Amino acid sequence: MESQSQSITYQNTDLISHLPENLIHNILSFLPLRSIVATSTLSKYWVHIWKPLWIYNTRIDFNEEFTTSMKKNQYVQALNKLLDLHIQQKIKIFRHFFCPRDRYSSHLSRWIEFATQKQVEHLHLDMSGRVNHLESPDDDHRWWWIEKFRMPNCIFYCQSLSSLYLSCCILNPPQDFKGLRSLKEVVLEGVSIQGEKLSQVISGSPLLERLCISYCDSMGSVKLEHPRLKRLTFENCLDVEEVELRTPNLRNFQFVGGVSDKPNFRDISSLDDASLMLRTPDEADFQSLVWDNFMSKLSLVRSLAVVVRSTHPAAGKRRSRSMFWCFKERRLSSLAAGSVYHFFLV
Amino acid sequence: MSESTEKKMVRLRSSDGEVFEVEESVAKVAKTLQDMLEEDCADAVIPITCVRAPILTKVIDYCKDQVMISSSSSTTNNPNERTEQERKAWGQKFMEGVDSSTLCELLVASNFLNIEGLLNLGVDKMVSMIQGKYPQEIRDMFNVVNDFTPEEEEEIRNQNAWAFERDPYYKKRSSSK
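Protein chains in written order, with UniProt numbering: chain A, 1 to 346; chain B, 1 to 177.
Think of the hints as simulated: they come from the structure by calculation, not from any bench. Do not take every clue at face value.
[Said to hold, decoys possible] Below are the DSSO-like pairs computed for lysine-lysine, each with C-alpha atoms no more than 27 Å apart in a straight line:
no.	chain 1	residue 1	chain 2	residue 2
1	A	K71	B	K133
2	A	K92	A	K184
3	A	K44	B	K133
4	A	K81	B	K133
5	A	K178	A	K223
6	A	K72	B	K133
7	A	K51	B	K133
[Unchecked claim] Derived contacts from chain B toward chain A, CB cut-off under 8 Å, selection only:
no.	residue
8	C104
9	V108
10	R139
11	V145
12	R157
13	N160
Note that the structure is a prediction, hence the values are computed from the model and not measured. In this text, a Cβ means the ideal position worked out from N, Cα and C, and glycines have one as well.
Based on the provided sequences and hints, a complete structural model is requested.
This is the structure:
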């Protein structure tokens, strides 16, 4: 009888506000920032409850949902306010989707400075604005016509950096750039960077294991030389004059490009998983480029995909059609590279 | 763990005075009780002052289940071992039909008794209940009394206005085209 009456009163009391604070924080920590902040209006008790979660937060992740949910000026205001509140000295992650255009680039520079000052380890900056500002986000060419943001120099001195994702920006390391000694992973999409500067970043990062370069431009000659690099993607870059590879520990490699890129793969014998997609106007390129330069050097490869597409010079417009073959096979380890080639031709 | 022939029993008293007798191994799933039992500072009946009988029943159910899994997983062919998926499904079923006030009490109990697995189940459930809700919906769910004056509430809202608009701007814009 007594327990029944008690359970009735329990039904009507505010239990969530009486939870121990550590429990409330535990629960809130699984919610998106927006929901966390929204709890501040539940009652007077809740006004400040959420704050420790934010100000000591080491994972600052403004995801797409966060970004796309508000107008740009509102976003800039919100971010400035939030970052001002934050007091944790070191942060692990700073992730952020924002296309600044000219108007907000000074804010963006400040946010990046904020991250580097707090010795960020994973910096992820997507400046393509592909979520909210482009009509057709799947269009490959989106990268070429976007206004690019000039990356502030502070990231080139951020020695805590272990993984870096950048899109739609101009990267130009300063004269006194000495490398990034903790950097393990770099992904650049739609970034303007000169080949020699790229080489400088790569050779200055002794721990680098994964590198992905796609839709980058202003390349010129690119020399990728690294003793530790394990995974490399190089695809659809613009203005490439020559790509040279010296990567004795490369295991996984994807290349998408044209013959005009003059790919020159020197040290790739450690490859385990490779895919090569080459555009060429001339079938004769197969022997010299695909075979001599690439496949004949693969002795350990277990998974291989090679697609050679011929390009039509007609109408000055590149139209490609699949010409040769498309091949994908696993378990080739027992075959010598030579017989792999014959295998194709059958 | 030493296997005694006779199973040692432990008695627990809920806040509303009901006494539960459980095997020691079941009680020990709760870290707090384990520490007490190992340091021998447990009395004949351990009072669990912040947990009511209906909640303690549920907690004991959980502990019994944990004992069943762990005792069978020490042998090689155990029919009770669960895959990740089964564990998730079991957890969901366990929390099914738990209302908001019971959930809060379960959270307090598992926090006090230090039962990590149960605490995680409760937190998951709580997160799924709160996520994407407007403040008023959360107030209704947990009987939170809004003690702001309208002006005060407005001010708090304005401090972080972005957090209170749920319609994404870009969707509005594209639909107005």
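Hint check:
1. K71(A) to K133(B): 21 Å, holds
2. K92(A) to K184(A): Within the cut-off at roughly 14 Å; holds.
3. K44(A) to K133(B): Between K44(A) and K133(B) the Cα gap is close to 19 Å, so the pair holds against 27 Å.
4. K81(A) to K133(B): Distance of about 23 Å is within 27 Å: holds.
5. K178(A) to K223(A): 18 Å, holds
6. K72(A) to K133(B): 24 Å, holds
7. K51(A) to K133(B): 19 Å, holds
8. C104: 4 Å, holds
9. V108: With Cβ-Cβ at 7 Å, under 8 Å, it holds.
10. R139: With a closest approach of 6 Å, the R139(B) hint holds.
11. V145: Result: holds, 6 Å to nearest chain A Cβ.
12. R157: Hint on R157(B): holds, closest Cβ of chain A at ~6 Å, below 8 Å.
13. N160: With a minimum Cβ separation of about 5 Å from chain A (threshold 8 Å), the hint on N160(B) holds.
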